[in-house]
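**Student:** Below, each chain spelled out in residue letters.
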Amino acid sequence: MGYVPVKGGTQAIEASIKRLTYERLKGEEILEINTILATMGSMIDQVMSESSLYSPELAALAIKQGEGSLEEAVFLMRAHRSTLPRHYYSETVEAETMLVERRISASFKDIPGGQLLGATYDYTHRLLDFGLLEESMETNRRWLEDYKDNFSAIQGSKEVVYFPKVVDYLREEGLFETYKPDNTAPTDVTKKSLQFPTTRSARLQVMTRGQTGAVTSFGYASLRGYGQVHPTVGEVRVGKIPIYTIHPNEVNQEPEDQFYIGEIRITEVESFVPVTVKNDNNKDELEFEIGYGACYGQNETKAIAMSILDQCLEHPNTDFPTHDEEFVLLHIDSVESTGFISHLKLPHYVTFQSKLDSIRQVKKEVQEVEN
Amino acid sequence: MKRRKRTEILIQGDGSLAKALAASITQKYECREVSVPEQGMIMVKMRESAKNSLFYMGEVLITEAKVEISGKIGTGLLVGMDEQRATHLAIIDAAYKAQLPEAVDWEHQLLEEEKKIRMAKVQQQAELFETKVSFETMEV
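Read top to bottom, the protein sequences are chains A and B. Quick note on numbering: the numbering used here labels position 307 of the first sequence as 307, and the sequence is numbered without any gaps. With positions in the second sequence counted from 1, the corresponding number in the numbering used here is that position plus 1000.
Because the hints were derived from the structure by calculation, they are not lab data. Fair warning: there could be bad hints in the mix.
BS3-like cross-link-like pairs, simulated, lysine-lysine; straight-line CA separation at most 30 Å [to be verified]:
| id | chain 1 | residue 1 | chain 2 | residue 2 |
| --- | --- | --- | --- | --- |
| 1 | A | 148 | B | 1121 |
| 2 | B | 1002 | A | 148 |
| 3 | B | 1051 | A | 278 |
| 4 | A | 158 | B | 1132 |
| 5 | A | 345 | A | 26 |
| 6 | A | 240 | B | 1072 |
| 7 | B | 1019 | A | 158 |
| 8 | B | 1097 | B | 1028 |
| 9 | A | 240 | B | 1028 |
| 10 | B | 1005 | B | 1097 |
| 11 | A | 109 | B | 1002 |
| 12 | B | 1116 | A | 148 |
| 13 | A | 18 | A | 148 |
| 14 | A | 192 | B | 1121 |
| 15 | A | 345 | A | 64 |
| 16 | B | 1002 | B | 1051 |
| 17 | A | 109 | B | 1019 |
Full structure from sequences and hints, please.
**Tutor:** Structure representation (structure tokens):
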């Protein structure tokens, strides 16, 4: 049986797209981009992270256009990304330059610089706040004024404080291995498709742009026994990192000639994972390794799950799916997974007809044998 | 003042200084737009702290502007969508490259702005430090 080209449905598709607009407009409410920017920070962070394009404004627009569907918003962002030129690469961002807004450790209570809770849902009661049904701008302004008034007498230090990494303090004690800076040029998965076995840089890039739900679920699966990593969170930090770059056409540039172009807000996690290694006397010894996770915006669950998967993939093991890089990396991308599942909705008339024909043929043959 | 420090001040500030400095140049000198300000991306290269290796974190939307003053091309680059400020930064960059006398006089204003930015950051950090945990060891 050959393929049979068919056409039709153009008018129905046009009417369907109109219907989509109707569904968005019929409530006669307009959601302003500024409202999304001001009140939907977590959603914006998730869209920027999964689309791998940092732009709160574009993410807010994508959320509005996609009517709150994150998979649609990420798809729109990725599509837009493919239309933009990329003339610049940043200078290497060192996380110590982060202006920290939140920083905690589950491993030590007394970390150098202290634990800074910042803004978090971690200690809130998960009870619906019915007061938000009747929220007024006037009350909110008063709340903000009162909040700011509390700080009027506070005196800060004279200089901005940058926090050391918890792990640096442990490395100084010789409890963790110290690695020299490895300046090998990273693989860029947006330029070249994944090849297996991959590189560490490719794994980290795929995971940081992975779908939050998928990365979280695979990390969770590892903890539940479908992997061999159960870490203690050494440090979670959220804050803004500065971005610098050099001009691609200027020669003899000194570091002082770099462009500062602004900052981006990220979450970064280091998880401490106990591993058994052989010492010089061939005896088992306990050591700690670090799983690393980082993503755009404040998305601590994703970053922690990424740190678990980073450690899993550093130790390949075919007995566990979460230690199999092909299994993890090829299934966590939002556009790839939602796109492939969605394509099942598209016409498969010929392939399905062919399957039906096969089943009919088999049934006919069985009936003939039975008769 | 070198570009790194200058762009830190002009971008971290609220934009009014960049606007004023750029205006003082365009009033006196001919300024040609080399290309219209456009949006593009920069790929962020990050060092991870487990093995100290490098990876690409993702792309960031930027706006880029290019202008020419006295035969020198200045570039303005910043994160986000702000064509006006990118143009102001390009004009200031060109002014420094062309070694215009105005640029020398900007030093004081830039240092004052830097001080303001630092004070604001210190204040924000002091407010944030209210969420710092003070542990007490319990007797059992």
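**Student:** Each of the hints needs a verdict: does it hold here or not?
**Tutor:** Here's how the hints hold up against the structure:
1. A:148 x B:1121: holds, 15 Å
2. B:1002 x A:148: Violated: residue 1002 of chain B and residue 148 of chain A sit about 36 Å apart, past 30 Å.
3. B:1051 x A:278: Holds: residue 1051 of chain B and residue 278 of chain A sit about 20 Å apart, inside 30 Å.
4. A:158 x B:1132: It holds: about 18 Å lies between the C-alpha atoms, which stays within 30 Å.
5. A:345 x A:26: holds, 26 Å
6. A:240 x B:1072: violated, 33 Å
7. B:1019 x A:158: It holds: about 28 Å lies between the C-alpha atoms, which stays within 30 Å.
8. B:1097 x B:1028: Within the cut-off at roughly 16 Å; holds.
9. A:240 x B:1028: It is violated: about 38 Å lies between the C-alpha atoms, which goes past 30 Å.
10. B:1005 x B:1097: holds, 15 Å
11. A:109 x B:1002: violated, 42 Å
12. B:1116 x A:148: holds, 19 Å
13. A:18 x A:148: Roughly 47 Å separates the two Cα atoms, so the pair is violated.
14. A:192 x B:1121: violated, 41 Å
15. A:345 x A:64: holds, 24 Å
16. B:1002 x B:1051: Status violated; Cα separation ~33 Å.
17. A:109 x B:1019: violated, 47 Å
The structure fails to meet hints 2, 6, 9, 11, 13, 14, 16, 17 from the earlier list, while all remaining hints are met.
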